[in-house]
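Student: If you want the building blocks of each chain, they are given just below.
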Amino acid sequence: MITAPMIAVLAFQFAGLEYHPPEGDQTSIHKYPLSTQNLGENGYGATQGQEQVEQDLDRSQWVQETNEEYHERKAADRDRIAKEFADPDLLLGSPSPSVARQSAKLAALHARLSLPTRFPLETLARTLVHPTANPSSEYNNESLAVLGTDLLAYYAAEHLLCHYPRLPMSVLFAAQWGYVGPHTLSAMASEWGIEHAYPGDEVEPGHLMFMSADQSPDALRMQEQAENLVLKGTANVLKRGANWLSQRDQFGEMHPSKEILDQMAEATKQEGLRTATAIDANASFIRALFGAIYLHCGRIATQRFFTSHLLSRQLDIASIFEFKKPKYDLSRLCAREGFDPPVARLISETGRLSRHPVFVVGVFSGEDELGQAAGASLDEARTRAAVAALKSWYLYSPMEVTKPSSVEGAGNKSKWIPNMVDPGEVVT
Amino acid sequence: MSITKVPTCLSTTTLALRPLLRPSFLPQTTKRTAATTRRHTKALRLQNSAVHSNTSIPHDHIVFNPPSSTPNIYHTPLKFLPRSDPRRALLASNPLTAASATRKGPLPQITGNAYEKKYHLNAEQVAEIRRLRMDDPLKWTRNALARKFDCSPFLVALVHNSPEGIKRDKARMAADAEKWGTKRREAREDREKRRVLARRDA
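Protein chains in written order, with full-length UniProt numbering: chain A, 1 to 428; chain B, 1 to 202.
No lab work stands behind these hints: they were computed from the structure. None of the values given here were measured: they were computed from a predicted structure. Built from N, CA and C at the ideal position, the CB exists for glycine as well. Some hints here could point you the wrong way.
[Said to hold, decoys possible] Derived Cβ-Cβ restraints for the label pairs, each shown as a range:
no. : chain 1 : residue 1 : chain 2 : residue 2 : range
1   : A       : VAL407    : B       : TYR119    : 46 to 52 Å
2   : A       : SER397    : B       : ASN65     : 52 to 58 Å
3   : A       : PRO423    : B       : GLU186    : 43 to 49 Å
4   : A       : ARG355    : B       : SER56     : 55 to 61 Å
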């Protein structure tokens with residue numbers, strides 16, 4: 001038996017820096033059932049051993065089935081679902097959960113992500129089944145993804161609001177999109193080496209299975225139709241009202257209304273086929289994985305996984321800002337906060353009469369400089385200086401932050417210190 | 001002539017031609033190169049900054065002479081910090097950051113026209129502005145009214161903003177734009193792009 005790669009996973013190594021085996025590494029198969037040693041107190045490295053995994057799995061019926069039982073059940077499902085869909089042959093299915101233990105790909109992925117030992121391979125296999133591959137909700141990742149979506153939104157929003165309490169709403173939404181939007185999640189899945197496969201019972205479980213929208217022209221047309229329906233719904237409710245925010249998701253986008261969802265379901269039923277783009281399928285896998293980590297390993301493990309895989313990403317929040325009237329906004333801000341009105345002062349200049357002049361302008365309130373910038377004309381420099389001042393107002397970050405989620409839990413001894421809450425952005 | 005160190009910018013062809021490119025084969029004008037190089041080197045030979053050659057301090061010390069650059073927006077100015085923030089005390093006590101405390105001489109000059117807000121218009125004058133603007137918007141433009149009432153054009157727009165006027169101006173602008181050639185149109189588009197970048201300070 002080759003033991004070298006397993007030795008490399010040491011208890012004292014930092015989270016996320018363990019040995020990451022390449023995809024399909026056969027040695028990882030041994031790592032999964034054998035490593036019963038305790039790696040930490042609780043949470044990320046926490047293992048209560050193989051018995052705990054078995055206990056967890058005992059409670060869930062869907063992994064208890066043998067391969068034959070799974071196929072019997074699937075045949076029954078097919079009859080049931082066939083009544084709802086036009087063409088039952090399009091129900092493609094996914095491999096039985098009982099074969100997950102034999103998959104080298106799954107074991108390698110489990111080890112590559114340094115998932116806690118008590119996170120079962122069967123669940124990892126389930127997170128890789130998109131609803132378009134297997135419409136049966138007991139075997140696909142839909143329910144896990146629902147939980148994962150909310151967890152991702154919560155942790156990202158909490159991080160942003162605690163660290164940047166003055167962020168304007170639109171920038172907050174854009175930053176949410178940057179941290180946990182579908183494109184980021186999809187890129188993450190690609191970086192982890194997730195491969196796609198056309199769904200089917202015989203597929204090796206380590207692949208992400210979904211019915212790709214690229215595979216049928218009908219599917220593309222349907223997708224367009226569905227998107228148009230959503231857009232139509234959005235246009236109707238675009239006016240800001242009392243429940244403006246409640247109708248929006250974590251990225252500030254409209255939830256499709258009930259009628260729209262019904263229409264989409266109707267269209268899907270008629271065509272008898274559901275498809276997803278690669279981005280949606282990848283994102284659903286990551287969301288489901290977060291949901292599953294939360295269910296199997298708890299809050300602390302989920303937060304640490306979130307920190308090491310999402311918060312470790314660099315997002316330049318300053319580049320998101322775009323002001324329509326920066327000078328006016330700054331003037332309103334100073335008036336609101338009781339500062340002296342902002343005045344642009346020329347700090348230095350060169351080549352005023354040349355083809356490439358440079359002006360360095362600072363915006364001052366009384367004697368204090370609020371922002372400074374260089375520009376090719378006086379007006380440009382003034383605008384840039386006002387933008388710099390506004391950015392440094394909105395991007396204020398407190399020195400010490402206590403995240404609400406970090407003091408949760410019964411045995412948690414850390415002290416809750418209330419965070420700063422800002423009165424809000426300048427509305428002009 | 002032995003080449004010990006070959007500059008990477010020279011291709012092999014140039015290197016092969018090198019014996020032919022001796023000074024005697026080149027035009028006379030290139031002979032000035034040596035003198036030009038010497039002149040430029042001399043011109044660039046600058047005195048060290050006074051900060052680095054300050055020998056008056058008897059003990060070892062740290063030289064802090066950062067290169068000039070725009071201030072980092074993540075370093076929140078003193079005035080923007082909330083009252084509870086511990087950085088207030090730190091920044092105020094540091095002579096480098098508490099600029100207002102150590103400023104020598106007056107503040108830099110104000111760009112553009114410095115004006116104090118006068119708040120001198122009364123209700124009748126505001127009504128008058130509105131009336132004039134509605135009666136003859138072509139004659140009583142924002143600037144004309146601002147001159148007459150000694151206020152800013154911005155205030156005139158606050159008092160009375162005519163959507164029809166804006167629509168009319170936009171239509172006139174679009175009609176003008178149709179007559180533009182490539183150069184003028186592209187120059188306008190580039191200017192707008194620069195404006196957008198400035199509003200993002202990117």
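Student: The structure should be examined with respect to each hint, and the outcome stated for every one.
Tutor: Going through the hints against the structure:
no.	hint	in the structure
1	A:VAL407 with B:TYR119: 46 to 52 Å	50 Å, holds
2	A:SER397 with B:ASN65: 52 to 58 Å	28 Å, violated
3	A:PRO423 with B:GLU186: 43 to 49 Å	44 Å, holds
4	A:ARG355 with B:SER56: 55 to 61 Å	43 Å, violated
Of the hints listed earlier, those the structure fails to meet are numbers 2 and 4, in rising order.
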